[in-house]
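Q: Position chain C with the ligands relative to chain P; hints supplied.
Residue numbers (numbering that gives the first Met the number 0), protein chains in the order written: chain P, 0 to 213; chain C, 0 to 330.
Any given hint could be a false lead.
In silico lysine to aspartate or glutamate, DMTMM-like type, Cα no more than 20 Å apart, as pairs [to be verified]:
1) C:Lys200 - P:Asp24
2) P:Lys119 - C:Glu117
3) C:Lys200 - P:Glu20
4) P:Lys48 - C:Asp83
5) P:Lys63 - C:Glu117
6) P:Lys115 - C:Glu113
7) P:Lys63 - C:Asp83
8) P:Lys48 - C:Glu8
9) C:Lys240 - C:Glu225
10) P:Lys115 - C:Glu117
Quick caveat, the hints were computed from the structure, so don't treat them as lab data.
Since we're looking at a predicted model, the values are computed, not measured.
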Amino acid sequence: MTNVYVAAIEAIGEAMIRNKEYLTDLDAAIGDADHGINMVRGFEAVRGKLGALPPEADLATVLKTVAMTLISTVGGASGPLYGTAFLRAAAVAQGKSAVDGATAVSLFMAAVNGIKERGKATRGEKTMLDALEPAYEAFAAGVGDNKPLPDCLELACAAAERGIEYTKTIVATKGRASYLGERSLGHQDPGATSSYILLKALNDFCRRRPAEEA
Amino acid sequence: MKKIINSPEQVVEEMLQGVALAHPQYVKRLEGFNVLVRAGAPSPKVALVSGGGSGHEPTHGGFVGKGMLDGAVAGAVFTSPTPDQVFEAVKAVNGGKGVLLVIKNYTGDVLNFEMAGEMAAAEGIEVEKVVVDDDVAVENSTWTTGRRGIAGTLFVHKIAGAKAEAGGSLAEVKRVAEKVIANVRSMGMALSPCTVPAAGKPSFTLAEDEVEIGMGIHGEPGTHREALRPADEIVAHLMDKILADNPVAAGDEVAVMVNGLGGTPLMELYVVNRKVAEILGAKGAAIAKTYVGNLMTSLEMAGFSITVLKLDREIKELLLAPADTPAFVQF
Ligand SMILES: Nc1ncnc2c1ncn2[C@@H]1O[C@H](COP(=O)(O)OP(=O)(O)O)[C@@H](O)[C@H]1O
Ligand SMILES: [Mg+2]
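With the rest of the complex left out, here is chain P (with noise of 0.2 Å):
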């Protein structure tokens, strides 16, 4: 029996791969060229240690391994970032043995924080943050509301979409495109994208296994 939480990494992996010239397209406009090449190449590195875990690793343990090679093998900002987020929400999955609506929510929250905490960014400096925190309220809220958990994740991605197109109406202030000023208006934040991807794939994989969550 395949790993649920190793095949819904590995379709993240997947989508970042199908994406990896948009998004480095994306960094070009601006930053520097590199975002889609470092997501995929952390991916990559991930299918290869998830790989090698056992069959029944928990959710804690496949968290923390994407988080620390996503760590040691994607480098720039986005490698410290997303490891942090990962670490975060391993050190809250330690020792649950299935994902209820109150721990997902606690998880994202985790991971959202974590990203705020290592980069010292706010929302509305258009970084993944733009997309990450919108879609952590749409999801917390959904939960609050008592629907199933894929409806809450629907949600979030939905909230993702709209938080990246609001990152083309505002100015950066952090990350590499602040160095644009006025000149990162109209353009649309890789890591905003890249955050909106993964929420997407993790969508599109739970519609495709309706039993299970992630």
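A: Just chain C with the ligands now, kept in the frame of chain P:
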């Protein structure tokens, strides 16, 4: 893409092997890591570790040696190295007096080096960091990430490295590094783009008669584009920006670096330097030392940067102290 490489995936690895083979008297490769350390590391002095994305050669590996760096960490092309790699470098060069991390001000570099510093601190290694932000092209405001670090970083390696070589404590080496950072300003421009091997195509394009003023060393866009003008006019513009940020007065002593981005002939760099010297001379500043060359490059990008460092007695003495590294030798 037309490059003398075997594969984009192997380019950093094969370059590091080539450097280690070329300069065994200076550097050795840390087995299994993208790290070059001094041949004799660790030594019983404060150690300096720097690094960043590859593609800026001879930065940083070329400056590992006596009087400059103890370790250099190479990331993927134009991408900060990861914390585990930096941590290995720190462990390998730490001789018990502590390690100074010299970081260029990019979010990725700062985050990865900070994480490495946390890992080292957890193992009881004394680590301090300085962040170089010499590029005046981008505005320095509390709302942004601050200015970028470019060629002026070399002066930090040189001067802090000399202080460490002379037996300075970690706090003293850091103080001197910060003094250099406070007094060094740079700005560059580009005539043509460069191609990151893994991307396979240039990250931007410029028309035949167009240049980008304030271009970053990773191909980040600068302040604006304009039509190509004579060298003296371009230099005058860059020097205006540099000196507006850090004015020099009659009687000041400075050091100058005219740095090629990889695809510019030395001939043109000397033409640039002529005008730089003229402008500083007209202000009554004395140029204590000039460096001209391809020191912090941007792959095959054509263009250059100018760096001006204001000197006091202490940093002048340290600047003029001997250094012996693959890419920087001074007696
Ligand atoms: N301080 C920060 N906080 C949160 N996200 C950030 C921060 N700085 C940069 N980012 C995100 O990282 C993305 C760039 O990632 P990447 O291109 O991989 O790294 P780099 O900028 O070092 O080349 C940006 O699009 C942005 O979303
Ligand atoms: Mg980038």
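Q: Hint by hint, say whether it matches the structure.
A: Checked hints:
Taken as a hint, the C:Lys200 and P:Asp24 pair is honoured in the structure, with Cα atoms around 10 Å apart against an allowance of 20 Å. Note on P:Lys119 and C:Glu117: the hinted pairing holds, with a Cα-Cα distance of about 16 Å set against a maximum of 20 Å. This hinted pair checks out: C:Lys200 and P:Glu20 have alpha carbons roughly 11 Å apart, not beyond 20 Å. About 16 Å separates the Cα atoms of P:Lys48 and C:Asp83, which keeps this hinted pair within 20 Å; it holds.
Only pairs whose Cα atoms come within 20 Å are accepted, and P:Lys63 paired with C:Glu117 is accepted, the gap being roughly 18 Å. Between the alpha carbons of P:Lys115 and C:Glu113 the distance comes to roughly 15 Å, so the proposed pair stays at or under 20 Å and holds. Restraint check: the Cα-Cα separation between P:Lys63 and C:Asp83 comes to about 15 Å, which is no more than 20 Å; the hinted pair holds. Between the alpha carbons of P:Lys48 and C:Glu8 the distance comes to roughly 19 Å, so the proposed pair stays at or under 20 Å and holds.
For the given pair, C:Lys240 sits about 16 Å from C:Glu225 by alpha-carbon distance, which is consistent with the 20 Å threshold. The suggested pairing of P:Lys115 with C:Glu117 holds, with an alpha-carbon distance near 18 Å, which does not exceed 20 Å.
Checked against the numbered hints above, the structure violates none of them.
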